[in-house]
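Using the hints, position chain P against chain V.
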Amino acid sequence: MGQTVTEKIIASHAGVEQVLPGEIHQVSVDLLYIHDNNGPIAIQQFALIPGAAVWDPSRVRFILDHHAPATTFRAAEHHRDLRAFAAKHGIELIDVGRGVSHAVVLEEGLVRPGQVVLGTDSHTVGLGVRGCLATGIGSTEAAAVMYTGRIWMMVPETIRVVLNGSLPPAVSPRDVALLLLRHFGPSFLNYMAIEFYGDFVDGLGDEERMAITTMCLEMGVKNAVMPVGEPDAPRADPDARYVSTVTFDVGTLEPMVATPGLPTNGVPVGSAVGTPIQQATLGSCAGAYYHDLATAAEILKGKHIAKGLRFVIVPNSSRVVAKAAETGVLSALVEAGAVIGSPACGTCAGYEIGCLAPGEVCISTTTRNMDGRMGPGGEIYLAAAATVAASALAGAIADPRKA
Amino acid sequence: MESMQYRGRVWKYQDNVSTDHILPSRFMTQVEPAELAAHCMAGIDPEFAAEVRPGDILAAGYNLGYGSSREQAPRALLHSGIKVVVARTFARIFYRNCYNIGLPAVVCPEFLDRVSGMDEVEVDLAAGVIRNLSLGESHSFVKPPAFLLDYVRAGGLIPHLISVSGN
Numbered sequence: 001m002g003q004t005v006t007e008k009i010i011a012s013h014a015g016v017e018q019v020l021p022g023e024i025h026q027v028s029v030d031l032l033y034i035h036d037n038n039g040p041i042a043i044q045q046f047a048l049i050p051g052a053a054v055w056d057p058s059r060v061r062f063i064l065d066h067h068a069p070a071t072t073f074r075a076a077e078h079h080r081d082l083r084a085f086a087a088k089h090g091i092e093l094i095d096v097g098r099g100v101s102h103a104v105v106l107e108e109g110l111v112r113p114g115q116v117v118l119g120t121d122s123h124t125v126g127l128g129v130r131g132c133l134a135t136g137i138g139s140t141e142a143a144a145v146m147y148t149g150r151i152w153m154m155v156p157e158t159i160r161v162v163l164n165g166s167l168p169p170a171v172s173p174r175d176v177a178l179l180l181l182r183h184f185g186p187s188f189l190n191y192m193a194i195e196f197y198g199d200f201v202d203g204l205g206d207e208e209r210m211a212i213t214t215m216c217l218e219m220g221v222k223n224a225v226m227p228v229g230e231p232d233a234p235r236a237d238p239d240a241r242y243v244s245t246v247t248f249d250v251g252t253l254e255p256m257v258a259t260p261g262l263p264t265n266g267v268p269v270g271s272a273v274g275t276p277i278q279q280a281t282l283g284s285c286a287g288a289y290y291h292d293l294a295t296a297a298e299i300l301k302g303k304h305i306a307k308g309l310r311f312v313i314v315p316n317s318s319r320v321v322a323k324a325a326e327t328g329v330l331s332a333l334v335e336a337g338a339v340i341g342s343p344a345c346g347t348c349a350g351y352e353i354g355c356l357a358p359g360e361v362c363i364s365t366t367t368r369n370m371d372g373r374m375g376p377g378g379e380i381y382l383a384a385a386a387t388v389a390a391s392a393l394a395g396a397i398a399d400p401r402k403a
Numbered sequence: 001m002e003s004m005q006y007r008g009r010v011w012k013y014q015d016n017v018s019t020d021h022i023l024p025s026r027f028m029t030q031v032e033p034a035e036l037a038a039h040c041m042a043g044i045d046p047e048f049a050a051e052v053r054p055g056d057i058l059a060a061g062y063n064l065g066y067g068s069s070r071e072q073a074p075r076a077l078l079h080s081g082i083k084v085v086v087a088r089t090f091a092r093i094f095y096r097n098c099y100n101i102g103l104p105a106v107v108c109p110e111f112l113d114r115v116s117g118m119d120e121v122e123v124d125l126a127a128g129v130i131r132n133l134s135l136g137e138s139h140s141f142v143k144p145p146a147f148l149l150d151y152v153r154a155g156g157l158i159p160h161l162i163s164v165s166g167n
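Chains as they are written, first to last, in the working numbering: chain V, 1 to 403; chain P, 1 to 167.
Chain V extracted, bound-state conformation:
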């Protein structure tokens, strides 16, 4: 029987020819990365195992990205402890300021098609852009994987999502992500794998694709795989079994916003236009790549954000900052009134930068908009960079096609 990409990756790492959805297998792990939000408990748990050694330090990375550079005294202590653990066990630590874990893992080329990649960030699924099985785990499981190099996985059902067409002006892959989330809802794809196909995804770069695969986590998926060019990459068999195939034409898509409460609350921007905002934000592994900053700069160049509004930008990697500095994007944004934070998760969860007071409203490229995510009583609309920049100019949610 034919197998999907995900089934082939699980089979190859479980040492079997064929797997079926619902089976549970022990699979070997190619890369594990642990960040500073889940790291402190992971190293506590690892320390409980008498005399434990790390199974293969070359396959482990520590990345300080959630509270970085140390945003509180407590975070500084956690960073000290993580540094000491990494040094003791010969693990490479990617230090504060380099950026958000999976964005950095992508930039550094640490993943290959067909691999099993685990991260303590839920948005690890974003790395499926490289044709691997990348998924998130918690602290204790990360401690166990550091010790054994293995993890149990249930073979997921796979759904095929075909994206065809060319985007209209001022509409971006992030709008496509919000469309998919609205279509499938917050848990319809729980435990499942997505395989993306179609001429639209074929034409996207890895970072643009990350805006889509990263947000797939918000539909509950275990992994989200994009097609890649490497000849040795696992490919689905012609007779692979999918639970369903869903096709979208992105050619008629409008800019989207997800209204406060759930990332799946997407509506065309028109129904939210005019909503007053106090903050606009570019941030996160799904919305602060170079292309996001460049899009905002194009809209804001030579203009100034609305009076009384703050525009907080937290690039997701140091290379984004370097490139934006080189091309003039950074100065265009700063001259327009933006605040630039150091590369980190930052505003996405109100990690001590860009927080909201009760009653305040923010429009943001970040990943989530649950109640209180940027501060108790604050409301978050999720959108693409163009919509955020147009709204920053207007002081209210605005349609980027009219900016």
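Calculated directly from the structure, the hints in this document are not laboratory data. Ideal Cβ positions, reconstructed from N, Cα and C, are used throughout, including at glycine. Just so you know, nobody snuck in bad clues.
Partial selection, computed: residues in chain V whose CB lies under 7 Å from chain P:
hint, residue
1, Asn-37
2, Gln-45
3, Arg-74
4, Ala-75
5, Gly-136
6, Gly-138
7, Glu-141
8, Ala-144
The following block gives chain P in isolation, referenced to the frame of chain V:
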């Protein structure tokens, strides 16, 4: 060694209770049990941390534990004294995190159709039965795989790993 039989009062919540609701990001650098317990459910129910009693059971609708991978969320529940979580469905990472820390996670829609907050409930994990003592009803659920029951018996994944590796 856990008996895997639990009895307590029910705290009932809606669909899509996220880990951000269970333990908001602003508490994320806190990792000690008492700290986590003090802020448990701060994003959705400010009364919970003060009112919860050891042995209580948390019940919710679809997609419990949505969102962030933060293990601090199920740990906050565990350290608050919650012994079992019951839902219509669980978010994937949250489900794994629960068993990894020795907190049983049970799927039982029939029970959730009928239960009210503060009902007295008994869960027999090994038998796959949940009894609503307040209503005098009993519901069966699909037992988790045997190896996850082993995690619960041992008190979590790490104690289980230590016991099987002969340390």
